[in-house]
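From first to last, the protein sequence lines are chains A and B. Per the numbering used here, residue 1 is the first one in the first sequence, and the count goes up by one each step. Per the numbering used here, residue 326 is the first one in the second sequence, and the count goes up by one each step.
Hints were generated in silico from the structure; no laboratory data involved. Accuracy of the hints is not assured; some may be wrong.
[As the list claims (entries may be wrong)] Taking lysine-lysine pairs in the DSSO-like style, the calculated list, with each CA pair at most 27 Å apart, reads:
# : chain 1 : residue 1 : chain 2 : residue 2
1 : B       : LYS596    : A       : LYS47
2 : B       : LYS575    : A       : LYS47
3 : A       : LYS180    : B       : LYS575
4 : A       : LYS47     : B       : LYS490
[Claimed, not checked] Short, incomplete list of chain B residues facing chain A, as computed with Cβ under 7 Å:
#  : residue
5  : MET426
6  : GLU476
7  : ILE510
8  : SER513
9  : VAL514
10 : PRO635
11 : MET638
Built from N, CA and C at the ideal position, the CB exists for glycine as well.
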Amino acid sequence: MKEIRYIFAIKEAMEEEMERDENVFLIGEDVGLAGGSFGASRGLYDKFGPERVIDTPISEAGFTSIALGAASCGLRPIVEIMFMDFVTCAMDSIVNQVAKMRYMFGNQYTVPIVVRMPEGAGLNAGPQHSQCLEAWFAHVPGLKVVMPSTPYDVKGLLKSSIRDDNPVIFVENKTLHAMKGSVGEEDYVIPIGKADVKREGEDVTVVTASRMVHESLKAADILSQEGINIEVVDLRTIQPWDKEAVFNSISKTHRLVIAHEAVKQFGFGAEISAAVSEEIMDELDAPIMRVGAPFVPVPYSLEKFYVPSSEDIVGTVKKTLEQGF
Amino acid sequence: MKKPGKAKLIEFYTKMVRIRKIEQKLMEVFSNGEIPGFIHVSIGQEAAPVGICSHLSDSDYISTTHRGHGHALAKGIDLKFFMAELFGKREGYCLGRSGSMHLADKNLGIMGANGIVGGGIPIATGAALAAKYKKTGQVVVATFGEGATSEGVFHEALNIAAIHKLPIVYACENNEWAEFSPQRIHMSVKDVKDRAAAYAIPGVSVSNDVLKIYEEAGKAIKMAREGRGPTLLEIKSERWYGHYVGDAQKYRGKEKVAEAMKKDCLLNFEKLLLKDNVLQRKDIDRIEKEIQAEINEAVDFARGCSPPDPSEMMDGLYV
Ligand SMILES: Cc1ncc(C[n+]2csc(CCOP(=O)(O)OP(=O)(O)O)c2C)c(N)n1
Numbered sequence: 001m002k003e004i005r006y007i008f009a010i011k012e013a014m015e016e017e018m019e020r021d022e023n024v025f026l027i028g029e030d031v032g033l034a035g036g037s038f039g040a041s042r043g044l045y046d047k048f049g050p051e052r053v054i055d056t057p058i059s060e061a062g063f064t065s066i067a068l069g070a071a072s073c074g075l076r077p078i079v080e081i082m083f084m085d086f087v088t089c090a091m092d093s094i095v096n097q098v099a100k101m102r103y104m105f106g107n108q109y110t111v112p113i114v115v116r117m118p119e120g121a122g123l124n125a126g127p128q129h130s131q132c133l134e135a136w137f138a139h140v141p142g143l144k145v146v147m148p149s150t151p152y153d154v155k156g157l158l159k160s161s162i163r164d165d166n167p168v169i170f171v172e173n174k175t176l177h178a179m180k181g182s183v184g185e186e187d188y189v190i191p192i193g194k195a196d197v198k199r200e201g202e203d204v205t206v207v208t209a210s211r212m213v214h215e216s217l218k219a220a221d222i223l224s225q226e227g228i229n230i231e232v233v234d235l236r237t238i239q240p241w242d243k244e245a246v247f248n249s250i251s252k253t254h255r256l257v258i259a260h261e262a263v264k265q266f267g268f269g270a271e272i273s274a275a276v277s278e279e280i281m282d283e284l285d286a287p288i289m290r291v292g293a294p295f296v297p298v299p300y301s302l303e304k305f306y307v308p309s310s311e312d313i314v315g316t317v318k319k320t321l322e323q324g325f
Numbered sequence: 326m327k328k329p330g331k332a333k334l335i336e337f338y339t340k341m342v343r344i345r346k347i348e349q350k351l352m353e354v355f356s357n358g359e360i361p362g363f364i365h366v367s368i369g370q371e372a373a374p375v376g377i378c379s380h381l382s383d384s385d386y387i388s389t390t391h392r393g394h395g396h397a398l399a400k401g402i403d404l405k406f407f408m409a410e411l412f413g414k415r416e417g418y419c420l421g422r423s424g425s426m427h428l429a430d431k432n433l434g435i436m437g438a439n440g441i442v443g444g445g446i447p448i449a450t451g452a453a454l455a456a457k458y459k460k461t462g463q464v465v466v467a468t469f470g471e472g473a474t475s476e477g478v479f480h481e482a483l484n485i486a487a488i489h490k491l492p493i494v495y496a497c498e499n500n501e502w503a504e505f506s507p508q509r510i511h512m513s514v515k516d517v518k519d520r521a522a523a524y525a526i527p528g529v530s531v532s533n534d535v536l537k538i539y540e541e542a543g544k545a546i547k548m549a550r551e552g553r554g555p556t557l558l559e560i561k562s563e564r565w566y567g568h569y570v571g572d573a574q575k576y577r578g579k580e581k582v583a584e585a586m587k588k589d590c591l592l593n594f595e596k597l598l599l600k601d602n603v604l605q606r607k608d609i610d611r612i613e614k615e616i617q618a619e620i621n622e623a624v625d626f627a628r629g630c631s632p633p634d635p636s637e638m639m640d641g642l643y644v
């Protein structure tokens with residue numbers, strides 16, 4: 001094992017996959033000469049050249065569908081969208097084209113394409129540079145949506161995403177880019193759709209992903225001092241999400257909190273909550289509760305009050321424990 | 326077009342110095358950590374906002390970008406409340422919600438800076454549609470960089486504006502860099518003005534000279550006001566500093582940056598005014614001093630303002 005940053009784990013995954021398969025290439029704004037706005041592709045241009053690390057104009061709609069066209073003809077593109085907020089410019093491409101090409105044309109095509117993008121607040125970058133929009137994509141049949149929380153997970157999941165024959169929306173988080181963690185030296189992959197219990201506990205299940213995994217782990221430390229043990233289930237993939245892992249944990253704790261950075265309303269927490277209510281309601285000893293951001297654009301100067309924190313998770317966990325049916 | 330007289334020339338100069346000094350101050354306070362987030366300065370590009378906005382009245386519209394301080398200032402935004410917004414204070418134009426990247430003042434037709442490259446271009450076009458619809462005689466200037474001309478919305482907006490002969494000028498400052506990539510990565514044409522041919526509208530390119538910009542912008546704005554449709558006006562400018570404050574521009578190289586800095590639209594204009602005896606050195610000293618005092622006052626004002634209260638976060642989301 002070695003200690004590397006999340007952003008470097010992304011680079012390693014892309015580099016190793018590009019070495020393994022000559023059909024893999026990277027395309028996006030400033031990914032080549034500049035090595036990526038956040039440094040995810042540093043060194044790849046020198047190593048693989050301009051044909052495989054393609055700098056584009058500021059044309060998200062165009063280059064995402066160009067990647068799709070290339071994917072339909074046998075290549076395996078990785079598209080970088082600089083900030084998740086800018087993916088809105090490529091929504092036709094992703095929603096109407098990427099997600100539907102296979103099904104709509106009678107399964108004739110496979111479109112192995114990964115669209116990477118960092119989400120989240122944390123840089124005080126304001127309403128158009130801080131959003132978490134993963135739920136939109138999870139709502140579109142044909143897409144997979146991955147959102148890893150650690151360097152180890154991001155590397156293993158990016159590799160499986162690149163090898164997957166389906167389109168994958170790969171959601172990074174800007175505040176995690178600099179985080180260090182242990183990553184294996186060997187070639188490993190982490191299957192899409194498999195959750196990971198990041199901390200075991202028996203009192204309350206906290207289902208979460210990406211940045212909120214770390215807030216949940218902080219909450220777990222705080223709560224354990226009061227004798228409350230939460231189980232932190234890191235979904236890692238939200239579409240398809242690991243129902244089995246979530247249900248297993250609930251069968252143990254009988255209480256559920258779901259935490260995400262995206263606004264609470266219509267976030268992935270709503271889907272999980274609904275599925276739990278539909279299928280294993282009798283396992284629950286208390287109403288399901290959610291932690292998410294307020295229903296408002298991310299305000300520049302109030303960011304630290306906006307983003308859900310470990311305290312919010314602690315408070316919500318305690319509330320579930322006070323409640324019953 | 327009438328040549329600008331002495332008073333106008335001094336006004337141009339003063340406005341350019343003011344933008345330069347304000348942005349220099351912003352770099353300083355940003356580096357001190359007093360301004361959160363990102364800021365993008367337009368130092369080296371002051372001629373365009375001044376040359377263009379000198380033709381606009383308060384009721385005309387302008388849309389700006391992430392690099393839009395100069396245009397907002399040239400259009401007349403109040404420096405104190407401008408500063409308060411950048412400092413993230415509730416007295417700011419956007420209630421401290423948005424900072425530099427979304428500076429807007431509806432009363433002066435400053436339609437808003439945009440964090441989405443190209444985002445403002447069709448919105449400005451919509452303002453032009455409204456002006457034509459209501460026959461108000463207003464004109465609109467959409468400002469953006471050459472990088473934005475690769476976004477689909479740029480082409481869609483120009484096409485529609487050309488079809489409807491909307492009262493708008495598309496003013497592109499071509500500083501040859503979009504973030505960390507040079508123009509050749511972005512464009513197959515050398516001059517942005519050549520893109521105008523696709524919409525059968527005039528495409529004009531001028532150097533980073535305030536008098537030339539004033540002249541060409543004047544023609545384009547007149548044409549728009551008279552209902553003869555849009556123009557694509559390109560200004561060849563220079564980005565001195567990094568994409569954002571803090572970007573060391575390693576990708577560009579020291580010499581190239583030094584070269585860009587030698588092409589100083591402000592210094593060139595100053596030399597001209599001194600040579601033609603429009604200004605004396607002592608006038609310049611006085612102008613600079615007055616501006617510095619105004620800036621210090623605005624910064625002190627912003628420092629003294631209060632941040633928004635978390636309880637105000639949801640205010641006004643819906644009407
Ligand atoms: C839709 C979208 N894509 C990408 C970005 C990131 N970005 C911000 S500014 C910029 C470069 C803009 O270049 P240009 O339009 O030439 O303006 P300049 O910065 O030179 O003033 C990029 C790529 C963005 N903000 N929005």
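Hint check results:
no.: 1; hint: B:LYS596 <-> A:LYS47; verdict: 48 Å, violated
no.: 2; hint: B:LYS575 <-> A:LYS47; verdict: 19 Å, holds
no.: 3; hint: A:LYS180 <-> B:LYS575; verdict: 25 Å, holds
no.: 4; hint: A:LYS47 <-> B:LYS490; verdict: 50 Å, violated
no.: 5; hint: MET426; verdict: 5 Å, holds
no.: 6; hint: GLU476; verdict: 6 Å, holds
no.: 7; hint: ILE510; verdict: 5 Å, holds
no.: 8; hint: SER513; verdict: 9 Å, violated
no.: 9; hint: VAL514; verdict: 12 Å, violated
no.: 10; hint: PRO635; verdict: 4 Å, holds
no.: 11; hint: MET638; verdict: 5 Å, holds
In terms of the numbered hints stated before, the structure departs from hints 1, 4, 8 and 9, listed from lowest to highest.
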